[in-house]
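Protein chains: 2
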Amino acid sequence: MSIIAAIETSDLRFATSRFLDGSDAMNPDPDYSAAYVTVRTDAADELEGHGFVFTIGRGNDVQVAAIDALRPLVLGRDVEAMIADLGGLWRELVHDSQLRWLGPEKGVMHMAIGAVVNAMWDLRAKREGKPLWQVLAELSPAEIVDLVDFRYLTDVLDRTEALRLLERMSDGRAERMANLRTQGFPAYTTTPGWLGYDDQKLARLAGEAVEDGFTLIKLKVGADLDDDRRRLALARDVVGPDIRIAIDANQRWGVDDAVRWIKELAEFDLAWVEEPTSPDDILGHAAIAERIAPIRVATGEHVANRVMFKQLLQVGGTQVVQIDATRVAGVNENIAILLLAAKFGVPVCPHAGGVGLCEVVQHLAMFDYVAVGGSMAGRTIEHVDHLHEHFTTPVRVDRGRYVAPSEPGSGAQIIASSRDSFRFPDGPEWSNGS
Amino acid sequence: MSIIAAIETSDLRFATSRFLDGSDAMNPDPDYSAAYVTVRTDAADELEGHGFVFTIGRGNDVQVAAIDALRPLVLGRDVEAMIADLGGLWRELVHDSQLRWLGPEKGVMHMAIGAVVNAMWDLRAKREGKPLWQVLAELSPAEIVDLVDFRYLTDVLDRTEALRLLERMSDGRAERMANLRTQGFPAYTTTPGWLGYDDQKLARLAGEAVEDGFTLIKLKVGADLDDDRRRLALARDVVGPDIRIAIDANQRWGVDDAVRWIKELAEFDLAWVEEPTSPDDILGHAAIAERIAPIRVATGEHVANRVMFKQLLQVGGTQVVQIDATRVAGVNENIAILLLAAKFGVPVCPHAGGVGLCEVVQHLAMFDYVAVGGSMAGRTIEHVDHLHEHFTTPVRVDRGRYVAPSEPGSGAQIIASSRDSFRFPDGPEWSNGS
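Line order of the protein sequences matches chains A and B.
Counting from 1, one number per residue, gives the positions in the first sequence under the working numbering.
Counting from 1, one number per residue, gives the positions in the second sequence under the working numbering.
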């Protein structure tokens, strides 16, 4: 038996705003950041669990404080028992009778729980010597549903139906795992589309995306309609008619504004419209989706929890489910969301980018393919070519496809020298004149 | 001109769990707490603005850290300019391009903004020498709508319609202010109903509530159906047929469980059923409301923002709007919610209790009566007889009615000696053997 010996946190920030990487209509100047947690044990293997919450700068310290607040709930506990019942750990943390007041199940406290839960999954995968997607994909349907809290879901999806959904996919798992290893998983790129890039950079990067084998690119929109039309025309001209173009408004609009604006852009053959309005506006998403059909609405990176996803699916508010590795309370809650998406037959196309989101979320998409959704058709994982060099197991994208990771773990681990250099505000990248 | 000279925060906790005050089906052991902020200026008047976020113990330090994160956004700024445009301050804090990632508009970061905004309102009311409800009630309709951010609301309520709602109530304001001063505002009590109290204490406190002039009491339910039936029968027996009894499940159930459980309790003539399920489950609330009608559903204390209230009202998910003084981003957002409730003709019956919630939220209910909703019919503010002695202007309840405050300010100020004594973990109430 080993115990949790330390929960170490750090505030890591990368000064991406200097280059307008990641700029969009609502986030003009993000500094991609990670509220980072390392779980150490007293086991002889010296394996650590790593996890983080992605933020965009200010407030990353608040997110770290929230992870710190969880320390007393996990420190000193039996590692093997926790790893063997990560569904139990999830319930315990999420339903803590005092901490839940800070959400409940949303925002800073909920994401902090996600970081700790994900770090435990990282540790478990390293102990098993497998990539996280494989650990999950080899669980039995019963083991998978044990990870999920069906509270507040049962009017739409209960344990019995979730088991049925998973058992339906039991056949063919081995074949799909083999497919993943040989073919990888489809990726799309947002690299060309940041609002802060000028037309020349947009055209160059869009052209490079096609050369690199991507078949879908995404452009940020929503600041200025004329700019959006010009940029979409330019991108369409560069990529030709066969490449899909999605747009992302990052919550810029109300319902009527969204519909009006999107109709002005419809001629550019849009793969989807992402975050047209507040992630909380379930009915607003449904109204927009109905009025812009057949153009599809996509959302998820800011959807707070499984209860919100449940409702978005109930009302047809999203036709593309964009799970995020660190918005909800970790792997367990994302499994609940994958199950909901499978029930409604809606494809899961994860949000990624930022720092480390590609590294982690690919495991969930690959698990979805093997064990839940069972298909790659219409599925694609966002890819942005930023900051991967800081990870011990960086994503690999080849000819527009994520290569299935083979290294043990969840992908979340940042290399030690980067953790030292980018520590805010006292790491050398911040204290030396930045 | 004066500037913001200091933003001081403190972690205040009261060990209410020792007596099971505040115990319910989801919160068995709350320690009522305040993440507290004091805004100091360099003005000669030495007036301070006080505000807080109510929490129930663990995590109060995280909430304090979130308020601290706002310090750089307000320190050193022109007080008069800020006070003259609190709508502008609200937008600036809520839409901060980096901090909003932590919500957006929900949870720890959003509540922290509420504390700062409310502290500025406290300061403004003290400078005007008036209670907050009066400051708000004397604003013109145009000044009131300037305080509100209509982003994500305009499909249901825009500025023009909000102005019309307010202008409809312009006549009679003076008379309603006079009524408030002579008659006060209806209160109800939750003091008898905590789950941790035994039958004898429940019966005694229910009897005392009637003697004290209350006409509505509330009981916590949802842990055990047989217990609920026994306790409701006992309470009904003590108070007689003319006193209303509401029940509160504190989010215990899923949709089907809620309907089944409530039907088992329907014979006790329920005033409303509060928080039957997740505060995020808008469609769930609507389904429950439809299936238990004519019993009314009430919710709000955990509803994260105006966008969620908008939808609850759109779908008939709540027949009683329970605003909370510190859940959303302060006075401004609560005004948006009052306007939404007025549009849908749904009565506002604030959540209170905890520490300081009664003191602050009464101002919003009274403003609603004077300027927005325009009626006391079916309106009532929760009252719990805890911890009022720690406030410089404690609520007064007389014969079941809140007495309209006449002292300047918002009611949020905790007396200095209590702030010293209950500071966690180093105040004498915590460091001396507790």
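Hints are computed from structural coordinates only; laboratory data are not their basis.
No experiment lies behind these values; they were computed from the predicted model shown.
Incorrect hints may have been included.
Claimed, not checked - Each pair of labels, with its calculated beta carbon distance range:
| hint | chain 1 | residue 1 | chain 2 | residue 2 | range |
| --- | --- | --- | --- | --- | --- |
| 1 | A | Gln183 | B | Asp146 | 55 to 61 Å |
| 2 | A | Arg396 | B | Asp227 | 38 to 44 Å |
| 3 | B | Lys201 | A | Thr160 | 39 to 45 Å |
| 4 | B | Arg244 | A | Asp158 | 45 to 51 Å |
| 5 | B | Ala416 | A | Asp226 | 55 to 61 Å |
| 6 | B | Asp426 | A | Arg77 | 26 to 32 Å |
| 7 | B | Asp426 | A | Leu75 | 19 to 25 Å |
| 8 | B | Asp224 | A | Ser140 | 50 to 56 Å |
| 9 | B | Arg229 | A | Asp146 | 48 to 54 Å |
| 10 | A | Leu75 | B | Asp224 | 43 to 49 Å |
| 11 | B | Asp224 | A | Arg91 | 47 to 53 Å |
| 12 | B | Glu267 | A | Asp85 | 49 to 55 Å |
| 13 | B | Ala84 | A | Ala223 | 27 to 33 Å |
Glycine included, each C-beta is placed from N, C-alpha and C at the ideal position.
Tell me the numbers of any earlier hints that the structure contravenes, in ascending order.
2, 4, 8, 9, 10, 11, 12
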